[in-house]
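**Q** Below, each chain spelled out in residue letters.
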Amino acid sequence: MNRATVLRKKLSAPGMLIAPGAYDGITAKLIEQAGFPLVYMTGAGTSASLGYPDYGLVTMTEMVANAELITRAVNIPLISDADTGYGNELNVTRTVREFESRGVAGIHIEDQVSPKRCGHLDNKEIEALEKYLSKIRAAVAARTNPDFLIIARTDCRASLGFDEAIRRGNASLEAGADMIFIEAPQTMEEVRAIPKQIKGPCLLNVVQGGKTPVVHLEDAEDMGYKIAILPGLLLRAAVQAFDQALDSVKTYHVAPDYLNNTSPQQNFKRFGADEWDAIRSKYALEDKG
Amino acid sequence: MERPTKKLRELLKKPELLKAPGVVDAIGARLVASAGFDAIYMTGAGTAASRLGWPDVGLLTMSEMVDNAQRIAEASGLPLIADADTGYGGPLNVRRTIQCYERAGVAAVHIEDQQWPKRCGHLEGKTLISAEQMATNIRAACDARVDADFMIIARTDAIAVEGFDRALERAKMYEEAGADMVFVEAPRTMEQLKAIPEALSVPSLFNMAASGKTPFLTASEIQNLGFKLVIYPNFVLLSAIPVMQRVLLELRAGGSIKDLASQATSFTDFFDLLGMDEVKALEARYSVDDKSRVGY
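As they're listed, the protein sequences go chains A and B.
No gaps in the numbering here: position 123 of the first sequence is 123 in the working numbering, and each next residue is one more.
No gaps in the numbering here: position 57 of the second sequence is 1057 in the working numbering, and each next residue is one more.
Hints are supplied without guarantee of correctness; some may be wrong.
To be verified - Across the chosen pairs, the derived CB separations fall in these ranges:
#	chain 1	residue 1	chain 2	residue 2	range
1	A	Ile279	B	Val1247	40 to 48 Å
2	B	Gly1163	A	Val214	55 to 63 Å
3	B	Ser1130	A	Ala65	31 to 39 Å
4	A	Thr5	B	Asp1165	56 to 64 Å
5	B	Ala1261	A	Ala65	51 to 59 Å
6	A	Gln240	B	Glu1278	45 to 53 Å
Said to hold, decoys possible - Covered stretches of chain B, as calculated for chain A (at least 3 residues, CB under 8 Å):
#	region
7	1049 to 1062
8	1083 to 1090
Unchecked claim - To list a few chain A residues with every Cβ distance to chain B over 10 Å, as calculated:
#	residue
9	Tyr55
10	Met60
11	Ser263
12	Arg280
Hints in this document: simulated from the structure, not taken from any laboratory.
Ideal Cβ placement from N, Cα and C applies to all residues, glycine included.
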């Protein structure tokens, strides 16, 4: 079954889907193995993995290539960051076609002026609502599978206020968006108010150290959110673990002891060794591994 | 091998006009090189046409443009002047754009003062960024290059939007911001064409577009006006289209390629164009045995 359709089925069941953020094949596989129903591709993480901050430097081509790599690494559906859609209605049309044709189940498109920046940074510039709604309509018209999820994200909370964010969310639903993502609400009251005031499904962005207070995921589900994404979870965890391992080698001239608990072969199992071993057996190839 | 950036700077020092036909792919690159041109141009409109089959309305990404430029630079072996549209954003994006084009082996790029998504300079409905924003982009571009010979060509699309006088003012601002060459897009009269190189102290680029908005001139007429470089962005591609259409019609009507073959490039000429000699020389060098050597 097409993964956009799989995602729609999961969303039609009661409850909230939790989607940690991936930025490569390793993170994607670990998310799937941990049993999550959905993976999210983070633009900030994709930028970081290319060696850039999330300042709108990465092209649509690079985002789509990374999304394709992630969908290939896992069997669960992927929703992806698609920034501003990379231009006007024509660019958005191409963006939706590119992501959809790579097997992505849905994308979010935001109302920042391009080049955008991370939603939890300051001084974001916001597009006029009519212009943004026209892009949402273009995105909806561009998909070939009606199950491909178009998530409308508004970044206007910081500059235009919470009421305008709600107004933009509801207007986006009327323009055909399937789900609403109000970026960076600033208080717990706002977090709670979003699913009540938005007349459709809502996505919650859980950012550690960002502008939104930390919400327990069970509470988010009770509030009525349908998806919670944790974009930076693994990138931050990885950075800490990497720093620790590098520090150990620098200081003690030896890899940290805890890394000796797994063999290389055990590590390969996390990345599909069993599947490839089965292919090896099928063709009776000699096992030199 | 001489750096293409240095080669281009040297070619532009010569008194005669430098001619750079535009291509969209590696085959075109081979054709331009074998026709004996000293420089080559990558057209954004043609690249959009070739890679997407869509008109030039700002749908290609920087990644796609750089990928195409790298192939053309490599296949032609000539200094490549490449279209880099608007630089794809603000000064930070421009910085990355220049780094990517330079690493791809390009000798020069032009960046323009249109709003993204841009459109072909000879289409209507263009909108501009401010001259100050563009000057900042030019400074960012100049700062971003590693090789000082890498050329930054500032293009202004202002004639159609703000008029000729304002376009010339913009051109001068971009020159002051550090541009190595200026490209005033779509001038419409001989008076305008004469005024451009006169007003500027850096060299000027002449875009011999096929749209008809700019008068059709010979190379010596262009040179006499004071331009240093002429690009023919899509003319080779446009000339090939009627031939391809005619052949397709004949094939659809059920004709044999026997009747058409005499007008087409032969199978062997085709491979020769693509560097069969180089392949043979490499086989000889690595002593590939006679039976496995490639041949016609």
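**Q** Against chain B, does serine 263/A hold up as non-interface, every C-beta pair farther apart than 10 Å?
**A** Holds, since 39 Å exceeds 10 Å.
**Q** Closer than 8 Å, Cβ to Cβ, for at least three residues: run that test on the region 1049 to 1062 of chain B against chain A and report holds or violated.
**A** The restraint on the region 1049 to 1062 of chain B holds, since 6 of its residues have a Cβ under 8 Å from chain A and three suffice.
**Q** Within 31 to 39 Å: is that where the Cβ-Cβ distance between serine 1130/B and alanine 65/A falls?
**A** holds (33 Å)
**Q** Would you check whether the claim that tyrosine 55/A is not at the interface survives, using Cβ distances to chain B and the 10 Å cut-off?
**A** Check fails; 6 Å does not lie beyond 10 Å.
**Q** Just to be sure I understand the hint, the distance between the Cβ atoms of isoleucine 279/A and valine 1247/B should be within 40 to 48 Å; is that true here?
**A** Holds, since isoleucine 279/A and valine 1247/B (Cβ atoms, about 45 Å apart) stay within the stated range.
**Q** Mind checking, does the region 1083 to 1090 of chain B have 3 or more residues with a CB under 8 Å from chain A?
**A** Since 3 is at least three, the answer is holds.
**Q** Is 51 to 59 Å respected by the C-beta to C-beta distance linking alanine 1261/B and alanine 65/A?
**A** violated (41 Å)
**Q** Please settle this one: methionine 60/A was flagged as non-interface, so is its CB more than 10 Å from every CB on chain B?
**A** violated (5 Å)
**Q** Holds or violated: 56 to 64 Å for the Cβ distance of threonine 5/A and aspartate 1165/B?
**A** holds (59 Å)
**Q** Do glycine 1163/B and valine 214/A keep their Cβ atoms within the hinted range of 55 to 63 Å?
**A** Cβ of glycine 1163/B to Cβ of valine 214/A: about 56 Å, so the range 55 to 63 Å holds.
**Q** Using the C-beta atoms of glutamine 240/A and glutamate 1278/B, is the stated range 45 to 53 Å upheld?
**A** Cβ of glutamine 240/A to Cβ of glutamate 1278/B: about 51 Å, so the range 45 to 53 Å holds.
**Q** Beyond 10 Å from every Cβ of chain B: is that where the Cβ of arginine 280/A lies?
**A** At about 31 Å from chain B, arginine 280/A clears the 10 Å cut-off, so the statement holds.
Checked against the numbered hints listed earlier, the structure breaks hints 5, 9 and 10; every other hint is satisfied.
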